[in-house]
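Visitor: Hey, can you work out the whole structure from these sequences and the hints?
One letter stands for each residue in the lines below.
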Amino acid sequence: EPEVTQTPSHQVTQMGQEVILRCVPISNHLYFYWYRQILGQKVEFLVSFYNNEISEKSEIFDDQFSVERPDGSNFTLKIRSTKLEDSAMYFCASSEGMAGRTDTQYFGPGTRLTVL
Amino acid sequence: AQKITQTQPGMFVQEKEAVTLDCTYDTSDPSYGLFWYKQPSSGEMIFLIYQGSYDQQNATEGRYSLNFQKARKSANLVISASQLGDSAMYFCAMREGRGGNNRLAFGKGNQVVVIP
Chain U
28 EPEVTQTPSH
38 QVTQMGQEVI
48 LRCVPISNHL
58 YFYWYRQILG
68 QKVEFLVSFY
78 NNEISEKSEI
88 FDDQFSVERP
98 DGSNFTLKIR
108 STKLEDSAMY
118 FCASSEGMAG
128 RTDTQYFGPG
138 TRLTVL
Chain S
498 AQKITQTQPG
508 MFVQEKEAVT
518 LDCTYDTSDP
528 SYGLFWYKQP
538 SSGEMIFLIY
548 QGSYDQQNAT
558 EGRYSLNFQK
568 ARKSANLVIS
578 ASQLGDSAMY
588 FCAMREGRGG
598 NNRLAFGKGN
608 QVVVIP
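Those protein sequences? They're chains U and S, same order as listed.
Residue numbers for the first sequence follow the working numbering, so the first one is 28 and each next one is one higher.
Residue numbers for the second sequence follow the working numbering, so the first one is 498 and each next one is one higher.
Derived from the structure by calculation, the hints contain no laboratory data.
Possibly wrong hints are sitting among the right ones.
[Said to hold, decoys possible] Taking beta-carbon pairs under 10 angstroms as the criterion, some of the chain S residues facing chain U (in silico):
| no. | residue |
| --- | --- |
| 1 | 503 |
| 2 | 530 |
| 3 | 540 |
| 4 | 561 |
| 5 | 562 |
| 6 | 565 |
| 7 | 567 |
| 8 | 590 |
| 9 | 599 |
| 10 | 600 |
| 11 | 603 |
| 12 | 604 |
| 13 | 606 |
| 14 | 610 |
All values reported here derive from a predicted model rather than from experimental measurement.
Ideal Cβ placement from N, Cα and C applies to all residues, glycine included.
Guide: Below, the structure written as structure tokens:
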């Protein structure tokens, strides 16, 4: 069964460093998303991406964040200068994008980012 | 304002018993979708079940069923015949609009522990 994959599973970085989190969405899906979950808290939306551009972003997704689809399969989240409060589990998700149908978002296993 | 409310404290359930997890939501959009995800201790987010706002019948998926009461804006998840592997956090989420590029808003989750 197709699934969303994410690498790495765990990333440790120093404050101020840049990190790139990678995702491979399900191959026939058109919409891609990033969410984050700070330890013990609920899952929060960061950004959605369609047709090679950002469709929607939350207030969390400031200038430190960027997303890219560098090729036909990967979808990346870059954090330019990490802060301690960026420590969280980051989930990538994808959906078919068929309006009017279920359009379930399927999540990857997550990347746990630890900023020291 | 909270879009999704999950207020139950952690729950202990006897194996083979049924458990109901409460979820209430708030939206003024007539078209929306409600989702339940399971997050085991390993951290991944697993899609369980979906209910559309226009669906006439309550959704069912194996041992999972959704008690959808539209007038009360509630979408409770029922897990029948609990198994040890059902021990996890369970998140209710809502997508406003008709799918395709719409963010999910999550509740804070319900912790379930199944005891033998």
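Visitor: All the hints need checking, so say for each whether the structure fits it.
Guide: Against the structure, the hints come out as follows:
Given the 10 angstroms rule on beta carbons, the hint for residue 503(S) holds: about 9 angstroms separates it from the nearest Cβ of chain U. Contact between residue 530(S) and chain U, as hinted, is supported at the beta carbon level, the nearest pair being about 7 angstroms apart and thus within 10 angstroms. Interface restraint check for residue 540(S): the shortest CB-CB distance to chain U comes to about 5 angstroms, inside 10 angstroms, so the restraint holds. The interface hint given for residue 561(S) is violated, since its Cβ lies 14 angstroms from the closest Cβ of chain U, which is over the 10 angstroms cut-off.
Residue-level restraint check for residue 562(S) is violated (minimum Cβ-Cβ distance to chain U is 16 angstroms; threshold 10 angstroms). For residue 565(S), the shortest C-beta to C-beta distance to chain U is roughly 14 angstroms, which exceeds 10 angstroms, and the interface hint is violated. Taking 10 angstroms as the C-beta contact cut-off toward chain U, the hint placing residue 567(S) at the interface is violated, the least distance being around 17 angstroms. With its C-beta approaching chain U no nearer than about 8 angstroms, residue 590(S) sits inside the 10 angstroms limit, and its interface hint holds.
Interface restraint check: residue 599(S) against chain U, minimum CB-CB distance 8 angstroms, threshold 10 angstroms, status holds. For residue 600(S), the shortest C-beta to C-beta distance to chain U is roughly 4 angstroms, which falls under 10 angstroms, so the interface hint holds. Because the beta carbon of residue 603(S) sits about 4 angstroms from the nearest beta carbon in chain U, less than 10 angstroms, this interface hint is met. Here the hint on residue 604(S) is kept, as its CB sits about 6 angstroms from the closest CB of chain U, short of 10 angstroms.
Hint status for residue 606(S) relative to chain U: holds, with the closest Cβ pair at about 6 angstroms, below 10 angstroms. Checking residue 610(S) against chain U: minimum C-beta separation of about 16 angstroms lies over 10 angstroms; hint violated.
In summary, the structure is inconsistent with hints 4, 5, 6, 7, 14 from the numbered list given earlier, while agreeing with the others.
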